[in-house]
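If you're matching them up, the sequences are chains A and B in order. The numbering of the first sequence is my numbering, which starts it at -2 and goes up by one. The numbering of the second sequence is my numbering, which starts it at 105 and goes up by one.
No lab work stands behind these hints: they were computed from the structure. Treat each hint with caution, since some may be false.
Stated by the list, open to error - Here are the simulated lysine-lysine pairs, BS3-like style, with alpha carbons at most 27 Å apart:
(1) B/K190 with A/K57
(2) B/K146 with B/K240
(3) B/K240 with B/K127
(4) A/K57 with B/K242
(5) A/K57 with B/K201
(6) B/K147 with B/K240
To be verified - Estimated spans, in silico, between C-beta atoms of each pair:
(7) A/Q95 with B/G265: 31 to 37 Å
(8) B/S133 with A/V81: 35 to 41 Å
(9) B/K127 with A/L109: 25 to 31 Å
(10) A/Q33 with B/Y138: 18 to 24 Å
(11) A/N71 with B/M105: 39 to 45 Å
(12) B/E142 with A/L100: 47 to 53 Å
(13) A/L109 with B/L109: 53 to 59 Å
(14) B/K146 with A/Q95: 26 to 32 Å
(15) B/L109 with A/V116: 20 to 26 Å
(16) B/K146 with A/N52: 38 to 44 Å
(17) B/V164 with A/I118: 34 to 40 Å
(18) A/Y20 with B/E142: 30 to 36 Å
No experiment lies behind these values; they were computed from the predicted model shown. Glycine is no exception: its CB is placed at the ideal position from the N, C-alpha and C atoms.
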Amino acid sequence: MRLLLIMGLLAFSALSQAAVEAYVFDSPEMEAEYNQLIGELRCLVCQNQNLSGSNAGLAKDLRRQTHELLMEGNSRDQIADYMVARYGDFVLYRPPLQNNTLLLWIGPFALLLLVIVVVFIKMRKKQVLVAPEQAAMEKAKRLLLEPQEK
Amino acid sequence: MVALLGFGLTLDPKKIPSPLIDKPAPDFSLGKLYAPEETLSKKNLLGQVWVLNVWASWCVSCRAEHAIITSLANRNLVNVVGLNYKDQPEDARRWLKQFGNPYSASLMDRDGRVGIDWGVYGVPETFVIGKDGRIKYKHIGPVTRDSLEREVIPAIKELLG
Chain A
-2 MRLLLIMGLL AFSALSQAAV EAYVFDSPEM EAEYNQLIGE LRCLVCQNQN
48 LSGSNAGLAK DLRRQTHELL MEGNSRDQIA DYMVARYGDF VLYRPPLQNN
98 TLLLWIGPFA LLLLVIVVVF IKMRKKQVLV APEQAAMEKA KRLLLEPQEK
Chain B
105 MVALLGFGLT LDPKKIPSPL IDKPAPDFSL GKLYAPEETL SKKNLLGQVW
155 VLNVWASWCV SCRAEHAIIT SLANRNLVNV VGLNYKDQPE DARRWLKQFG
205 NPYSASLMDR DGRVGIDWGV YGVPETFVIG KDGRIKYKHI GPVTRDSLER
255 EVIPAIKELL G
């Protein structure tokens, strides 16, 4: 009974894996390009997966399309452009640097710079506050030098 | 920062802006569901305002949307064409028989290639195309009565002039 259960589970475990089609390529370089592309293109149905990791029907179709375009002699950039023309920048996991993504690229660094500036200013202010006044210093010195009472 | 995050939460991450808006509609030439030997292509539809509704018999939300698309077709404002996406023709015909057929024609995109050209990533999707063959409006997901009145119909009326 237990064996049957395990076998059943094993049989279903195959379903949870992304489909990997056996595509034939002209060269190992082309295959490497294919693998890189499907790793960098987003599956639009299951948005936090790339094409290579997704089992969705559309991901499968887009893998087929990627393979065909490569075989037709398109470059990686051409294929990325092909996808962007249809699905927008969103299809790229690595968004291009352009006007509407500027905040995305610069934002974290700007924020870091802001934090550094704020911390710097705060620390200087604190130093000024902590520095004792001349009179207080004199008094402290006097107190320290005075012979202690018994 | 909180305001920015709060605003982000009101957006629907499933709605991806289409790069095809105001661009020429992608070319296609597909067989019709009820006359597979007859093809319909983009240039057959040039010069008229038309709607492309992407549907499939396996698509559950298409069922909910079907009454809305039917009411759009019944207004006789525009030609409503169906794109039967990745479906079996016999299933598609059975589905239309059961729920009614609002389309002037349904094109069979069995392997989803035309869908890819149109940037379809979820069914249903609805496009409004102008006389010049450019895509004016795209609706992702089922068109509701509300979105029909507020978005689809105004887009059509604007194109009809």
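Against the structure, the hints:
| no. | hint | in the structure |
| --- | --- | --- |
| 1 | B/K190 with A/K57 | 13 Å, holds |
| 2 | B/K146 with B/K240 | 15 Å, holds |
| 3 | B/K240 with B/K127 | 8 Å, holds |
| 4 | A/K57 with B/K242 | 24 Å, holds |
| 5 | A/K57 with B/K201 | 30 Å, violated |
| 6 | B/K147 with B/K240 | 17 Å, holds |
| 7 | A/Q95 with B/G265: 31 to 37 Å | 34 Å, holds |
| 8 | B/S133 with A/V81: 35 to 41 Å | 24 Å, violated |
| 9 | B/K127 with A/L109: 25 to 31 Å | 38 Å, violated |
| 10 | A/Q33 with B/Y138: 18 to 24 Å | 44 Å, violated |
| 11 | A/N71 with B/M105: 39 to 45 Å | 42 Å, holds |
| 12 | B/E142 with A/L100: 47 to 53 Å | 50 Å, holds |
| 13 | A/L109 with B/L109: 53 to 59 Å | 18 Å, violated |
| 14 | B/K146 with A/Q95: 26 to 32 Å | 30 Å, holds |
| 15 | B/L109 with A/V116: 20 to 26 Å | 23 Å, holds |
| 16 | B/K146 with A/N52: 38 to 44 Å | 32 Å, violated |
| 17 | B/V164 with A/I118: 34 to 40 Å | 58 Å, violated |
| 18 | A/Y20 with B/E142: 30 to 36 Å | 34 Å, holds |
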